[in-house]
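Visitor: Here are the chains, one letter per residue:
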Amino acid sequence: MMQDHAASATAPDTVHETVAHVSAVDPETTRPASTGNAFAHIVYVLKSNPVTLISFGLFGIMIIAALLGPYIVPYDPLASNSAVRLQPPSTDHWFGTDQLGRDVFSRVVVATRLDLFIAITAVALSFVIGSMLGSLAGYYGGWFDTISGRMIDTIMAFPLFVLAMGIVAALGNTVENIIYATAIINIPFYARVARGEVNIRRHAGFAQAARLSGNNDLRVLAFHIFPNALPPMMVQISLNLGWAILNAAGLSFIGLGVRPPTPEWGIMVAEGAQFIVSGEWWLAVFPGVSLMLAVLTFNLMGDGLRDMVDPAQRT
Amino acid sequence: MTESKTSRRGLLKGAGALALSAPMLPMLKVLPASAAKADTAVVVIGQTINSLDIHRKGTNRPSYQIAVNCYDRLVSFGTKTLPDGSLSYDYSTLKPDLAESWITSEDGKSIVFNLRSDAVFWDGSPVTAEDVKWSLDRAVSLGGFPAVQMKAGSLIKPEQFVVVDEKTFKINLIRKSKLTLPDLAVPVPMIINSKLAKKNATAKDPWATEYLHRTPAGSGAYKVARWDPGQQLIYERNEKWTSGPLPGVKRVVVREVPSISTRRALLERKDVDLSFGIPDKDATELASKDGLKVTATPIENCIYCLGVNLKFDAFKDKKVRQAIACAVPYEEIFKAAAYGNGVKMWGGASAKPTDISWPQPFPYSTDLDKAKALLSETAFKDGFEVPFAINQSLSSWMEPTALLIQESLGKIGIKAKIEKIPGANWRTAALVEKRLPLHLENFGGWLNYPDYYFFWAYIKGHLFNSSNYDNPEVKALVDETLHMEIDNPEYAPKVKRLIEIAFEDVPRIPLWQPTLSSGMTSDLEGYEFWFHRQLDARKFKKT
Amino acid sequence: MLGSRTKTVLQRLWQALPVLFGVIVVTFLLTRALPGDPAVYFAGPAADANSIAEIRKSLGLDLPLPQQFLIYLGDLSRGDLGQSLSTGQPVLTDLTTRLPASLELTFAALFLSTMIAIPMGILAALNPGRLVDHACRLLVTMGVSLPTFFTGLVLVFFFYYLLGWAPSPIGRLDFAYLPPPHVTGFFTIDAMLVGDLETAWAAAAQVFMPAVTLALFTLAPIARMTRAAMIQALSSEYIRTARAAGLSSRKVILTYALGNAMLPVITTLGMVFSFTLGANVLVEKVFAWPGIGSYAVEALVVSDYAAVQGFVLSMAILFVLVNLLVDVIYTLIDPRVGSEA
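Chains as they are written, first to last, in the working numbering: chain D, 1 to 315; chain W, 1 to 543; chain S, 1 to 341.
No wet-lab data here; the hints were simulated from the structure. Where hints are given, some of them may not hold.
Just so you have them, the derived chain D footprint on chain W, three or more residues with Cβ under 8 Å [claimed, not checked]:
1. 266–278
2. 325–336
In silico DSS-like pairs for lysine-lysine, Cα to Cα no more than 25 Å straight-line [stated by the list, open to error]:
3. W:Lys176 - W:Lys319
4. W:Lys151 - S:Lys7
5. W:Lys240 - W:Lys318
6. W:Lys475 - W:Lys176
7. W:Lys372 - W:Lys411
8. W:Lys80 - W:Lys133
9. S:Lys57 - W:Lys157
10. W:Lys204 - W:Lys37
11. W:Lys204 - S:Lys7
Glycine residues also receive a C-beta, built at the ideal position from the N, C-alpha and C atoms.
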């Protein structure tokens, strides 16, 4: 068991999640997920934890910005205007303007969609691939388990950010490739969690019962066992979303981000960084703070979700 | 390891410390910072020095400074004071370096150099014609960039280099060319201590590339006291230097700091004396700060331009290229990307050049109506889409430039899609494969003649002709003028014709002539601009 | 017992072999797919097609990939990691001179982070659900939500540029100092070994800001693991017994509960260590820290095959070793974990 924990280090944040969660699983919890009273529990958790409530609020704002952003911003995020280059924040330009006279506020808001898109798509991809690999490995074991396990160990043995850099550098810096790179380095978590959750339940009573009532292996796996792995994976997803955003921003910072003039937080911070010393702090600070808030939202939500799915962790 | 030992010794204050072996020294601190200040200059650069030998394969541009500061050549360029009071090399005067005099033979087939009798290498051995021959042989024999640069001066094979006697050296010329002597003054044909190098050569490595890569062996103004690749290089003054007045500082520390803003912060806080090659924005802003000064020197024979690749269908039509030249928002680019540093290369008065100065403004200015009119005369009147490539490593000027051009081209119906190409891939894509339809380009020629620029940038197959431009007339004109003396009466008319064709055909649309800017504290004197755009610390002094 | 442990260790090493081989294959393929052509780079500016082809041949880049791979494996088996293009040095030399810088930074960061995170975790565990708990959680989560390069830049701006409290962010030592003689490769320790406190202080001052930047990022996992483990430990049978036996609450918490909670915390530390070593990349870039992370970034940008391969390989080996070490520590201090682990 410990070997699994030890190898599942990626983001420091997710590290803990895997460990804490798996250590909380004991034989008694290997029953089908109960839905009873879940809603009441969620309400209880939200009430008792203001921080989680705030994070859900922030998440709502982010979703609105992502959906409506391009329609509600005051300026065209791409239009340059040489008359107002490098202006500090004002009532006209809330977050100031950049070296081409573009409105930083508009760019920051419009960037929300792309950043969320990159994070969500990447995490969705790694969730699907990782949980398929992991479930099959956990259910059937044997050579498939060995091979997929080795593959995942191989990914884990890379310094993950450098692996992502390498992939983007090799394939070219487009949004798709950033997504693929981020997805690949996240696959191991889902694979490991899914494998662990499926493995401890494959001989559980309810699974046996489902098999006896005529379901084939894949059905049992997909509809009876796997759903039990979902709650812990939800937590992973939320934490991973935050990490995916950071990862994409880091790639942008070393010049492997999306192509200009597309607004994206990481690139804006990276470019704005050059201007901090000369006093134009707003170029880097506003996108930087947005980036931080987004990641914080996902991390806090992940925490909150864990409280909901796994009440034993708190108390 | 040798470097680090010598350096530790050399940097210690007490002479008595020299007797101790370095690793056993208890106190490793150098002089107190305040005392060290007067005779040490600290320089920051953004790139990494990857070799101390310019002849080695893979030596990058920042490493050329070793060839400048640690080695001498047969001849050198003079120095002039620019109108702003800063120093620049002077292309028009050649001055003695290791050779005290030289004579071109009557038939023009050879040049004889007389070496200075007092010149010695760092180890005290005299500089002889043997050393000169070995060094020049090496420059043409190792292949790669040094050989190409030597070839530009019609120096191609060891047989051309002849030792007459210990202090007399002769070069046999394969043709009479105005480029030969200036080409001997570029960093490449540096004179190496051949006795020392040969001692460290092996059968597999007869040119001692492994040795000289880490251990320079020259006669130049500075020795290398220490080199920590990827971190810093420390020069130490050569007290026996004979090719010029001794540098005013004993040590120059060149520290590599990749972050632009950190370099600026270091300079603003005066923790360093010189930040070499600063962005145009900083150049403008730092100039007005107390205790700092900025030297911004226009780079001779260099133009930042928009390349319009004739491999791309739409750009085969001259009118499309001219339309683009009329659509470029020059003034805005000059403000946003160059922050007003440099020389304007647009708005020329007439479609025919009146003189042969180069670079000179092209007869285009931003005129969207004219651009639309020109475009409507072509098969591409409804516009088209084109990828627009920029070099990631140069994005500080290329990105704002590209964004403004992209926006402006959009107004005449040309949709440009910006693609950032990683620095590593840029050369291959832009210059070797020449496959970038629309791109930004920054070639500058070391030897300051218009025909030399045209030779590299306007002739099919030549490296910097990233636009695949091909014109037999240009080729013929360059062939005729390249080696011709500039006082030849035929020279000026032919060069004018070259420039006129460039105006008309615009495979390269000039944006501006860039500057090399460096920021320094006001007590650092002796910063000098060179065509090679690398640090020359030989005249440094602190007041 | 010892015999079975040695066996476990050997078994782990054996299991690591296919992983290392996988890393070698993937890195090899990835570097070959990088844009940029080392031959063009080597040929330098103004080189023509001929000289490029010549250099390609001399570098062996004209050979088919499988053959290049075999040559690479052969070199590896002789301990030859090749030459770096960007620094012009053998990759092995580069890595061995730079690894101590990265390790020093990582250890400093982990030290700082542990010093803050463990007390925070304990505090939170003693007051679960109260304000302190929420505040700790918010604080560590904020730390992990900050992009390290952004934190680094902001710290440099305030503490170096504006206030002048921190030394210039130019690597491991200021201009005025020379590195101490090499013993451990950690400047602070090496300088102290020869009694040069001034240099030791200067080196510590240089490492402080990048270490804080990294530490902020690593607070979360350590603090959270401490909290979780402490809650579990405090609710266990023996703590209740100890309390019932009248032991002081302080002693119960610090000796018994913390002692038991340390196991999972050590595991976490192991993971955080290998993660941080990889995450150094961006921080090293901001602080011009001459570690292997900044080396890898530069190498990737110029398609420096040998350097990237060498970096990834050494990181993978380190990763395997750290995991092994954590396992070993675990088996040593926890009798319940046997070879079945």
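Visitor: Which earlier hints turn out false for this structure, listed by number in ascending order?
Guide: Of the numbered hints, 1, 3, 4, 5, 8, 10, 11 do not hold.
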